[in-house]
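Keeping the supplied structure of chain A fixed, place chain B upon it in accordance with the hints.
Protein chains: 2
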Amino acid sequence: MESYQKELNPNTRVLMGPGPSDAHPRVLKAMSTPLIGHLDPQFLEVMDDIKVMTQKTFQTKNHLTFVVSAPGSAGMETCLVNLLEPGDEALICVNGVFGNRMSDIVERCGAKLVRIDAPWGEAIHPDQVKEALKTCKPKIVAIVHAETSTGVLQPLEEISKLTHNAGALFVVDAVTSYCGTELKVDDWGIDAIYTGSQKCLSAPPGLSPVSFSERAVAALDNRKTKVQSWFLDLTMVKNYWAGAKRAYHHTGPVSAMFALREALRLVLEEGLENRFARHSATHELLKEGLEPLGFEFLVKEGYRLPMLNAVKLPEGLDDVATRSRLLNEYNIEVGGGLGDFAGKIWRIGLMGNSSTANHVNQLTGALKAII
Amino acid sequence: MESYQKELNPNTRVLMGPGPSDAHPRVLKAMSTPLIGHLDPQFLEVMDDIKVMTQKTFQTKNHLTFVVSAPGSAGMETCLVNLLEPGDEALICVNGVFGNRMSDIVERCGAKLVRIDAPWGEAIHPDQVKEALKTCKPKIVAIVHAETSTGVLQPLEEISKLTHNAGALFVVDAVTSYCGTELKVDDWGIDAIYTGSQKCLSAPPGLSPVSFSERAVAALDNRKTKVQSWFLDLTMVKNYWAGAKRAYHHTGPVSAMFALREALRLVLEEGLENRFARHSATHELLKEGLEPLGFEFLVKEGYRLPMLNAVKLPEGLDDVATRSRLLNEYNIEVGGGLGDFAGKIWRIGLMGNSSTANHVNQLTGALKAII
Numbered sequence: 247m248e249s250y251q252k253e254l255n256p257n258t259r260v261l262m263g264p265g266p267s268d269a270h271p272r273v274l275k276a277m278s279t280p281l282i283g284h285l286d287p288q289f290l291e292v293m294d295d296i297k298v299m300t301q302k303t304f305q306t307k308n309h310l311t312f313v314v315s316a317p318g319s320a321g322m323e324t325c326l327v328n329l330l331e332p333g334d335e336a337l338i339c340v341n342g343v344f345g346n347r348m349s350d351i352v353e354r355c356g357a358k359l360v361r362i363d364a365p366w367g368e369a370i371h372p373d374q375v376k377e378a379l380k381t382c383k384p385k386i387v388a389i390v391h392a393e394t395s396t397g398v399l400q401p402l403e404e405i406s407k408l409t410h411n412a413g414a415l416f417v418v419d420a421v422t423s424y425c426g427t428e429l430k431v432d433d434w435g436i437d438a439i440y441t442g443s444q445k446c447l448s449a450p451p452g453l454s455p456v457s458f459s460e461r462a463v464a465a466l467d468n469r470k471t472k473v474q475s476w477f478l479d480l481t482m483v484k485n486y487w488a489g490a491k492r493a494y495h496h497t498g499p500v501s502a503m504f505a506l507r508e509a510l511r512l513v514l515e516e517g518l519e520n521r522f523a524r525h526s527a528t529h530e531l532l533k534e535g536l537e538p539l540g541f542e543f544l545v546k547e548g549y550r551l552p553m554l555n556a557v558k559l560p561e562g563l564d565d566v567a568t569r570s571r572l573l574n575e576y577n578i579e580v581g582g583g584l585g586d587f588a589g590k591i592w593r594i595g596l597m598g599n600s601s602t603a604n605h606v607n608q609l610t611g612a613l614k615a616i617i
Numbered sequence: 247m248e249s250y251q252k253e254l255n256p257n258t259r260v261l262m263g264p265g266p267s268d269a270h271p272r273v274l275k276a277m278s279t280p281l282i283g284h285l286d287p288q289f290l291e292v293m294d295d296i297k298v299m300t301q302k303t304f305q306t307k308n309h310l311t312f313v314v315s316a317p318g319s320a321g322m323e324t325c326l327v328n329l330l331e332p333g334d335e336a337l338i339c340v341n342g343v344f345g346n347r348m349s350d351i352v353e354r355c356g357a358k359l360v361r362i363d364a365p366w367g368e369a370i371h372p373d374q375v376k377e378a379l380k381t382c383k384p385k386i387v388a389i390v391h392a393e394t395s396t397g398v399l400q401p402l403e404e405i406s407k408l409t410h411n412a413g414a415l416f417v418v419d420a421v422t423s424y425c426g427t428e429l430k431v432d433d434w435g436i437d438a439i440y441t442g443s444q445k446c447l448s449a450p451p452g453l454s455p456v457s458f459s460e461r462a463v464a465a466l467d468n469r470k471t472k473v474q475s476w477f478l479d480l481t482m483v484k485n486y487w488a489g490a491k492r493a494y495h496h497t498g499p500v501s502a503m504f505a506l507r508e509a510l511r512l513v514l515e516e517g518l519e520n521r522f523a524r525h526s527a528t529h530e531l532l533k534e535g536l537e538p539l540g541f542e543f544l545v546k547e548g549y550r551l552p553m554l555n556a557v558k559l560p561e562g563l564d565d566v567a568t569r570s571r572l573l574n575e576y577n578i579e580v581g582g583g584l585g586d587f588a589g590k591i592w593r594i595g596l597m598g599n600s601s602t603a604n605h606v607n608q609l610t611g612a613l614k615a616i617i
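One line per chain: the protein sequences are A and B, in this order. Our numbering puts the first residue of the first sequence at 247, with every later residue one more than the last. Our numbering puts the first residue of the second sequence at 247, with every later residue one more than the last.
Isolated chain A (complex conformation) (with noise of 0.2 Å):
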């Protein structure tokens, strides 16, 4: 018998990598709900509640916020691909692998990219922001504010007004702290901002919400040149989202977006505000169970991401084979270091449905077992 021929079966994970979370029985059994067509009344309902429940939890009254219909790094690529133009300026922080990937992208559109770093670890200082505006007239500043391969809350206020008073958009990718800690796209004066569905929002990878303000609406609506993506085109994907007459883009993704509504439902019944506080104190508890099993914190305190944990190992600790022995005798999934940190860090998710005690006492049982 072939692998393919046998009936799905896997093990039950307990989910506390970098996501996927796990998601709530509800966010499943929404997605098995028969299909409907993607131009059917009903779902262009399920579209609209889906924009009202991701405006209330972006914290923006954008007109422009949906959800493209690809995983966060298309998120990532909407953002930078409708707003730059060959020729623009975009000055990209970087402090670990997706501001890297931001940087890429933008030479991928012919932009000129203007780079500061920090050290993976660290947040990028405002300081680093203002002298760089010194030499350059960047039409975009984009910054992670939670960068998952470094565990680094990145504060955002003080970037957004340098990068306002530089005539910029400002650019925030909120793929893991969107849904798990405060995150005010409107007050913050944030331009553009992507996130993805698997991170705190505990729906399945695959979607990425994403929301423009007036001004990254002008610059769209101001462009010389066509984007030069067609699937990721915010001219023509917004009027299948908002426009009179919802036109036929692409087939919008129906069952994922079942789910992302029970998804954005669940969060919005839980409540913001108690939300984060509950990814605060489960992170509270990893580190009491992690401290005194010899794990140490990259992150210094007070820049330290509740829903993404990166811990460096305990002298002599194995990373493979430990994280393989969470694997197979427990089904614990955490994640391990990119780049640099491969083999001295692990990366511990307590992302949505994923951030409960419950699953601090399964890893640190686990792990005071097998240390």
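Don't take each hint at face value.
One copy or any two copies: either way a pair holds, since identical chains are not told apart in the list.
Claimed, not checked - Here are the simulated lysine-lysine pairs, DSS-like style, with alpha carbons at most 25 Å apart:
1) K590 - K491
2) K307 - K252
3) K307 - K376
4) K385 - K472
5) K558 - K491
6) K252 - K302
7) K307 - K533
8) K307 - K470
9) K546 - K302
These are calculated hints, taken from the structure and not from any lab test.
Below, chain B without anything else, positioned relative to chain A:
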């Protein structure tokens, strides 16, 4: 109570439009399986299973056979942006919406577009390609196998030979034909092909199976410039799908892939030839049921798609009002016409799980009552 606060409760529809089609309960059930990580060894097995089954259903041995984590339109863009560089020539055959879309993407790649047009509702004649190849030297010739906007089945073999004789790569859109009518990627010399999950495969919309021949991979390897899209760049995507290390690129859409695996299993359990015969048989049934009611097929016999039936409305039948009654009174979705055909034709899908005598009888029964 706001709309989003209500429980998801769409009507159970009978999907007979241009996609999505009805999903099998086994597919819906697979999709609601609790999530596992996108780099979990058990998920990598799921990806391997999907690759093997995609090869079988494409009838290819192509090593670079994989699934784009986004809908069919993104599959189209994947093929074009990876094979074309600025300045390359591309010969695009256009006889409907999707040929037009390919032309649009070609121009966004900075490639030189050479375009062959046939009237909507007719196939491209090989002589048109032969003639065009006398005055251009394209890197690719691209064509739509099953034009979803018009219901035309495009013969491919002769045009494939002309393409290869001219030293070009043969690119095929098989979004609607895949798993519903004969499609032999290797025997027909197709170098790059993309499809969608939501047509004759009857999985939820959102994924795009793709395959590249060795010749196409060589073209990819010989690129002088970076692919303009980071998200769709196969030089990286292929390492996640087929690399020795299965490197992280983006977060794979785990639930959608569970569903895709199950849908592919159902196709292979039925057998490709049986499935094609079933699609032909229900097409004949529909013809028998519709013609007495005054509907006429748009496309001449021999070029009609079995799974996407484009029919001219009987004199005096109101397009929108009748489709609304079908949807609201019978829960039956059929598609309207696009472009010049709006208001004049319907597009009736008999795809995958929606290709049954019961579907035909529901539609013809409802129409008899309405007309």
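Which earlier hints turn out false for this structure, listed by number in ascending order?
3, 7, 8 and 9
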